[in-house]
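**Q** Following the hints, position chain B against chain A.
Going down the list, the sequences are from chains A and B. Just so we're on the same page, this note's numbering is the position in the first sequence counted from 1, plus 825. Just so we're on the same page, this note's numbering is the position in the second sequence counted from 1, plus 3.
Think of the hints as simulated: they come from the structure by calculation, not from any bench. The C-beta atom is built at its ideal place from N, Cα and C for all residues, glycine as well. Please note: incorrect hints may appear among the correct ones.
As the list claims (entries may be wrong) - Listed next, with one range per pair, are the computed distances between beta-carbon atoms: (1) Ala288/B - Trp949/A: 44 to 52 Å; (2) Leu219/B - Leu850/A: 46 to 54 Å; (3) Ala861/A - Ala64/B: 18 to 26 Å; (4) Ala861/A - Ser43/B: 45 to 53 Å; (5) Leu204/B - Asn966/A: 54 to 62 Å; (6) Glu915/A - Phe63/B: 46 to 54 Å; (7) Glu935/A - Leu23/B: 58 to 66 Å; (8) Asn1265/A - Leu219/B: 54 to 62 Å; (9) Lys963/A - Ala161/B: 48 to 56 Å; (10) Met253/B - Gly1207/A: 50 to 58 Å; (11) Leu215/B - Thr870/A: 39 to 47 Å.
As the list claims (entries may be wrong) - If you want the ones that stay clear, here's a sample from chain B, every Cβ over 12 Å from chain A, calculated: (12) Ser43; (13) Pro44; (14) Gly61; (15) Phe63; (16) Asp69; (17) Phe95; (18) Pro97; (19) Ala102; (20) Leu153; (21) Leu157; (22) Leu236; (23) Arg299; (24) Arg310; (25) Pro336.
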Amino acid sequence: MKYDAGSAERVRSHLRIASVAVLALVWMLVVAGQLARLQLFEYRTYLERARRQQQRIVEVSPPRGIIYDRNGRELAVSIQVDSAFAVPAEIPNPHIAARLLAPILGLAPEEIETRLSRSRSFVWLKRKLDAAAVEQIKALNLAGIYFQKEHRRFYPNRELAAHVLGFVDVDERGLAGVEYSLDRQLRGQPVRMLVLADARRRWYDRDGREPQRGSHLVLTLDDRIQYIAEKELREAIRATRAQAGTILVQNPVSGEILALANWPSFNPNTPQEAREAARMNRAVSAVYEPGSIFKIVTLAAALEEKRTHPGEVIDCQNGAIYIAGHRIRDHKPFGLLNVAQVLAQSSDVGTIKLGLRLGPRTLYRYIRAFGFGELTGIELSGESRGLLRAAENWTPVSVGSISMGQEIGVTSVQMVTAMSSIANGGLLVAPRLVRELHQNGQRVAPERPAPVRVISATTAATLRRLLEGVVLEGTGKAAQLDGWTAAGKTGTAQKIDPLTGRYSLTDHIASFVGFAPLNEPAITVLVTLDSPPENYHGGRVAAPVFKKVAEQVLTYLGVPHDVVPPAPRLRARRSQPEATELSDFHPSQRISAAAAEAAGSAASDAGHTPTLALASTESVEVPALRGKSVRAVTEQCLQIGLQPVLIGTGVAWDQVPAAGQRVPRGSRVTVRFLRAAAESTPATEAEPRGRD
Amino acid sequence: MPRAVQFDRWLYGATLALCLVGAVMVFSASAVTAEEELGSPYGFIGRQALWLLLGLGGMFALMQVDYRRLRQPVVIYTSLCGILLLLTAVFFFPPINAAHRWIHFGPLRLQPSELAKLVVIFYLAALLEARLRPQSFGVNDFRRTLLPALGPVLIVVALVVLEPDLGTAFEIFLIALAMLFVAGLDWRYLVGAAGVTVPALAALILAEPYRLRRVLVFLNPEADPQGSGFQLLQSLIAVGSGGLTGVGLMESRQKLFYLPEAHTDFIFAVLCEELGFLGALAVMALFGIYGWRGFRAALAAPDAFGRLAAVGITVMVLGQALINLSVVLGLMPTKGIPLPFISYGGSSLLVMLLATGVLLNIAQHAD
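If we strip away everything but chain B, and leave its shape as in the complex, we get:
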């Protein structure tokens, strides 16, 4: 019987530190824009603080809940149905920036695609654990395991692609793939998945001119420094001009209207500029700690559900962070993906903190 151990201080500490860095950086990066658009420099950070409190509350609550209660079918299937409903509902809300990503509850805006990541993780963890039982069919049974596993996931992915939010869709797919891989997916399927994914991505990219442009710009940002390459180039200038120790907190010049999305997707560029290489490395170290403790929790988890859920959550946080960093540093084409815990955005922060709550609980049950 697994025994309860002390909660994971490393994971907990890294998460709180990331949230703190996030709050500071959102304020720094958004103050001028907030003053411009909302009339007060605290416009964005105020909202973010509310989400942070909500998220921390949720995290503390989930830390106390035994994660195994989450695998009950009533939880899993209710949340799956709920998320499909929400993902459908977004299309009935007015688009923002020509994208249906948000559901509005009065002043609150919720991004169901963020929540969908969590739902997918628990659904897959529960399903795969059932299939991994000794008398069961195993992971590689296409009809009985892969089809029920990937069917709902692909529907979710498809709905997110339609929003359109290719970045998040790609991420959900990545999480699912990682969980299946850890569950013991046969290499043949992996190769097959790659064979399906690459052409699918290529088709999706070619279908939308702006995506194609982003890719082309990524390959050669100097070709059009004032146009599509602007964002990436400005990001690189911000990062590069930070140097070893940065220009100082609040002192970023690039955030002043040079760098679009300075407080959301490109907040890491502002961080690099203000805090320099050392600051950026420290933030990466925090993510590293998160990853270390997350994978450690997965390895120590007493059961397959805990193990797979821990992997899913860790891959979600770490993968999203790495994708975001890669984009900011010009290693990947531009995608609209926020940096976990740090970027401005309530839904993302809330989901990350809830997931961390579950992860902390799993870590407590290590055997």
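Bound-form chain A, shown alone:
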């Protein structure tokens, strides 16, 4: 009985132990099931959630490549700035936060609140803030607001070369200019960088490569030539009240563009504030009827095809010619002119007669050979190929019209390139803006198509002489340079009125394209002025601009004079005020003995010993230049009429003559520059400035 009771108790006890064990087993299975659910079936969901909170994908754009001019001066740089972002989940009161941030960010509080509600983990507040705003935001000491270092494009020279450089958007993507066309190279390899963050938002790990910095870009532009071109264009626009304009300076041998200036212009630091028209790069995008400057092509073709020679006398029929029943009138009633005079006087009838001799097919072939009707391949987007109908589609009148630059649309860069091919002896060289790219210390020069011969060297030489005649005694007299030979062609084209489709009676494009010096041309310069209201003749308004630009650029480049500069007395008689002003940049004949001594050897390198010292010469005080940038020195010297001779790069260190001395206007001031960072060892850092 005792035993049985104990036994029964034991059996019951064992059953109960078993049931506890089963209960535990069931519980364990439930736990295992939940484990499987979380880790196997909902793995992706949780992995995603984990990533979202642990990782932040940060688009790390490497600093964009620097854009230099040909002498290594910075035209576009990228600087580090702060961008503010929020982690909305950490902001206790978005309403208040939005109201505190609104005035600093310049945004509406509602806008900020909307943004904060967009994501829980990350939202940009404002990109690329200035330092003051960053300080203000930091001072608010708000939870959940953080800063991320980013790069911002900065154009230290503001408008200078704006159309060549272009601009970028907030993500540093190029939108115009070389910033756009060479965006891939400049940008480098942006990296979506995986940054892991712990709950206290400290980044503890970085997955992924370091971003590869973009290539540096060296342009063919020379910032000082660019400056001269822009200054003179601005001045010309002011004087002529033209609506727009372009100046191009090209090295005719290499095809390198030394300056590309357009008006209106814009500040690439704030492109959104500029009008569309101001951002347009007219030099490559604007298509216009060239008018008389296009006669160089007709002449070149006629000479090359031996259909004429410079001495041939052509009857210009007193200013009228009939082609296919249409009467075309010359701008002046000329009688008998030789071919040289046809070009010099820009006779339409004479040129048309030469064009008729060539016939449509031959003329078309030459037009194409000179690069019209196709892209020049300049490293800019938005280039136009111009308007040129195939010879089959020409009307009977076309050959006459096209001979004198009508019924055809060209761009300024095509025009300057065509003129350069005459200047360099007959080779068409593609215009170029990019000298080289620097990637990881390696210099890469872009490949160029080989120059193509358009006309023989003999024809080119003949044509150059004819074009000199334009400047010496023809329509382009205002383009005569003091101290150098020059050649060129004027153009005055009627604009086509977009409303009527006919030639406008009031709007003209005045242009001049030329080169200097005659025998070894260093530069080709094109000037177009769009719709100057009163004085619209290319010879009157564009040629003087050519003169100003060419004289300054040739001086800057140190091109030796090839003619004896006219005596000051001769120039004194001239009435044009700009002529006197120009001479100010022309030191050789005015430099005084004292100034020459002060300037030391610098004055003698041009090969012109000062011959005259005029008692009446206006004298100016040499400014203190120490500590100024190359640009500032150039600008200041040119403004007061001194000719800067710059040695080295960096910051002005010393100068001859010394500040405060009075020297005649036009004297040279030699300024030595040192790199600011290396003031302790200036001798090794100062390098002579390359001139080419």
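**A** Leaving out everything else, chain B in the frame of chain A:
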């Protein structure tokens, strides 16, 4: 007469394996926090290793002691009085995290509530064995059995609740209930106990805002992911992102300040993240082995004391493990309960190893 058999290799092996996993996981989960708070990544694991050595020593010692010597009244009543004293003493020590749970002996911190579990087990086993003797009153005599059995237990539970440590109190109550059940408690009492427990728990939960919050958050963790639901949600993210094979040992990202209590109550979440489903399942299997051998020892125990003590110990370890896992996996509201053998915490580890020592001894005496 029961004969001594070979000691239980399965139980022994599972225990050592769990301790090993624990040591590794505590290091992995605490290294960064230790570096932050103590200046060395070995700050926490060093202390834990000391407790582990102490606990293993105690386990080996108790393995050699015949468990029946523990039912002597002098042992039972001394330890019961001692634990009541200690549980009272905690209130005179400065609180940590607003809770009086620890007694400080110089650098050592002892949690009497952990020890209380062991004391309750032996007290109940001894008392119930006496009542189960053929001439005795049986289990279901309210005045002579249940009152003396539950009286001291409820006093202990009450003291632990006051600390406050609701999780441990609940666990002690659960152990007591399981032992009474195995001893043959009538169903009526079980129903009655449930009828008393549920409202009592509800009252305790409603009385403390943080407990209520935990329950509400448990029901809907997404409602407040940055606030109260943070811990649970972070735990689920850790577990879920581990996947089948885990992110690799030491590689947990969630332990880096996302997961509060990563090396203590939520160490299993780190384990799941680093070792994945397979690793977590292996750890559960170890607990399964522990449970299997524990219940087996109870079934084979030569006497009621051994049987009930084995049940108590097994329920303590297994129950605590299951509660902890359920909390980590979002099956139960958050409670401050460590995972046996694995979580950081000296008192818990020591008590678990001592209890296992006794269990191993009981297993040796199977008939």
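**Q** Against each hint, give a clear statement of whether it holds in the structure.
**A** Hints, one by one, checked against the model:
At roughly 49 Å, the beta carbons of Ala288/B and Trp949/A sit within the given window of 44 to 52 Å. Separation of Leu219/B from Leu850/A is about 31 Å and departs from the stated range, judged on CB atoms against 46 to 54 Å. Distance hint for Ala861/A and Ala64/B: a CB-CB separation of about 40 Å, inconsistent with the stated range 18 to 26 Å. For the hinted restraint 45 to 53 Å between Ala861/A and Ser43/B, the CB-CB distance of approximately 38 Å leaves it violated.
As the Cβ distance of Leu204/B to Asn966/A is approximately 44 Å, the hint placing it in 54 to 62 Å is violated. About 51 Å separates the C-beta atoms of Glu915/A and Phe63/B, a value consistent with the hinted range of 46 to 54 Å. Look at Glu935/A against Leu23/B: about 59 Å separates their beta carbons, and that is inside 58 to 66 Å. Taking the beta carbon of each, Asn1265/A and Leu219/B are about 60 Å apart, inside 54 to 62 Å as hinted.
At roughly 53 Å, the beta carbons of Lys963/A and Ala161/B sit within the given window of 48 to 56 Å. Between Met253/B and Gly1207/A the beta carbon distance is about 56 Å. The supplied range of 50 to 58 Å therefore holds. Distance hint for Leu215/B and Thr870/A: a CB-CB separation of about 28 Å, inconsistent with the stated range 39 to 47 Å. Residue-level check passed: Ser43/B sits 18 Å from the nearest beta carbon of chain A, beyond 12 Å.
Non-interface call for Pro44/B relative to chain A: holds, since the shortest CB-CB distance, roughly 14 Å, exceeds 12 Å. Even its closest Cβ contact with chain A, about 25 Å, leaves Gly61/B beyond 12 Å, as expected for a residue assigned away from the interface. Under the 12 Å C-beta cut-off, the non-interface status given to Phe63/B relative to chain A holds; the minimum distance is some 27 Å. The claim that Asp69/B is not at the interface with chain A holds, since no C-beta of that chain comes within 12 Å of its own (minimum 21 Å).
Against chain A, the non-interface label of Phe95/B holds: every CB pair exceeds 12 Å, the least being about 36 Å. Against chain A, the non-interface label of Pro97/B holds: every CB pair exceeds 12 Å, the least being about 28 Å. The claim that Ala102/B lies off the interface holds: its Cβ sits roughly 24 Å from the closest Cβ of chain A, which is beyond the 12 Å cut-off. Separation of Leu153/B from chain A is adequate, the least Cβ-Cβ distance of about 18 Å exceeding the 12 Å criterion.
Non-interface status of Leu157/B relative to chain A is upheld: no Cβ of that chain comes within 12 Å, the nearest being about 21 Å off. With a cut of 12 Å on Cβ distances, Leu236/B falls inside the contact zone with chain A, its closest approach being about 8 Å. Not every Cβ of chain A is farther than 12 Å from the Cβ of Arg299/B; the closest lies at roughly 9 Å, contradicting the non-interface assignment. Arg310/B, annotated as away from the interface, has a beta carbon of chain A within 12 Å; the closest lies near 7 Å.
With 12 Å as the threshold on Cβ separation, the claim that Pro336/B sits away from chain A holds: the shortest Cβ distance comes to roughly 15 Å.
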